[in-house]
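Residue numbers (our numbering): 226 to 694.
Because the hints were derived from the structure by calculation, they are not lab data. It is possible that some hints are incorrect.
To be verified - Capping the alpha-carbon separation at 27 Å, the derived lysine-lysine pairs in BS3-like fashion look like this:
1) K516 to K576
2) K329 to K268
3) K444 to K475
4) K480 to K391
5) K635 to K576
6) K440 to K483
7) K356 to K440
8) K267 to K391
9) K635 to K480
10) K516 to K444
11) K444 to K356
12) K444 to K391
13) K475 to K496
14) K480 to K496
15) K391 to K263
16) K496 to K580
17) K580 to K558
18) K480 to K440
19) K329 to K480
20) K689 to K635
21) K480 to K586
22) K268 to K241
23) K586 to K516
24) K553 to K483
25) K516 to K480
26) K576 to K558
27) K329 to K351
28) K241 to K440
29) K691 to K635
30) K391 to K334
31) K444 to K558
32) K440 to K516
33) K351 to K334
34) K241 to K263
35) K553 to K576
36) K480 to K268
37) K391 to K351
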Amino acid sequence: TLCLTNEGEAVASNVKVVLTIPQLLTLVNHDNYWYFQKIQPKKNITIPLILYAQQTSANTPLQLLATISYVDGYGNLQTESRTFGLELVPSVGGRIEVTASQSKASPGKTFNLQLTLHNSGSVEVKNVKLKLLTLNSVFVPVSSSSVVSLGSLTPGSNVSVTFTLKVSDSALAITYPLNVQVEYVEDSKPVTNPTIIQQTIGINVSGPVRIVVQKTEVKPSHVKPGDEGVLVSVLLLNDGSLTAENVKAKLLLTKPFKPSWGGSNEIYIGKLRPYTVTQANFYLDVDESAKAEGYDIPLLLSYHEGSSSGNGCNTILTVPFYVYGKAKFTVEKIETSPEMVRQGDSGVTIKVTIKNVGSNKAEGLIANLAAGEEFSGTMTTYVGVVGVNDTRTAEFNVDVSSSATVGVHKVDLVLSWSEDNEPYIQTITIPIQVYPYTIPQIYWISIIIVAMIVIVGGIYRKIKRKMET
């Protein structure tokens, strides 16, 4: 048994173990490669090893080399090696060894399993019987029994038996353990005292390429409507037993999503071997109209099975993506005092009532009136917190240039605030009507009074001169 222990304080991720086996040993219950997504701190994972040992004539020291690679808590790739020693000793008397060879086994298909029995001992064995034990529901014999009688085997001789088995439709593309039992009697022992041995062999079931989404990471972690250049990192795992060649991945984006630039939603991966992981990075923009909810974005994968000339395949996976709520404002009302704003007016009060029609509150809202050179005065005001569906009024005190253009001025109301410690800006264009300058009524009254005084004074002087003459 091989035991992996994370002795550190951080999670070890993407853990890969490769075992190098010496020539006299054969690993029969698994390939020599293991992959584990994570190993938590102070936790361990055990790997059972079933080894077949060849016959030797003398004690033979052997070494197993385990190479371990993983990503530490800082995101760095670490690689370590460990060597394990053992000793292989020769057997005495009768000894039956079982070796296996198989044709290609696929889910739902039949295959041939050839088992060869070799007497590596020093005496003849009789009444040899071979039995398949752990067929379960994965392998079913076809037109043959799972028990075969083979007679006698002299020292150094071999005998082969072929079984035809059918693989279950639900079988996975992995190596399954299959236990076989051999019963025999050594030539010098009574028939009533047989030797029974059991051995585990590995049956490799190969299936099509099976690529799955192992993990998805999005930056920033809280995506809002209107965000651009959002990074979507997808870890893809080939969980099948065949290599995927010429792998291409493409996010199929529809509204409210679009590529940040041409081709930012697709990537060429190339080769993806069995039980290996690769990272695919995509960049997308989120439309302002996006609703605050979860989305399943289709991910199209195209590849060839086994080799570049293998079957061309297309499959669609889904990438989970969540859009969080965001504040959004509309202008509900605009009021000015005086009601008619004219050229040259000073101290004009402009009140703009806004409403948060979004799905998140805005904190520290500041409103700025970007009105150009024809308006001046207090153009910025602090509004504060605006909750969802709340209304607030931003008030400005403005002077209008005497040369301001008469008509409707399209003025930008720039709103800036923060959500989740991230800054946001929204610009809304509002109309301000400027009327032409007019002389106030009191000026006309004053002119009339002065004119009347002048006229009356002239008449009085004229009458007075006549009376004097």
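Q. Are there hints from earlier that the structure breaks, and if so, what are their numbers?
A. 1, 2, 4, 7, 8, 9, 11, 12, 14, 15, 16, 19, 20, 27, 29, 31, 33, 36 and 37
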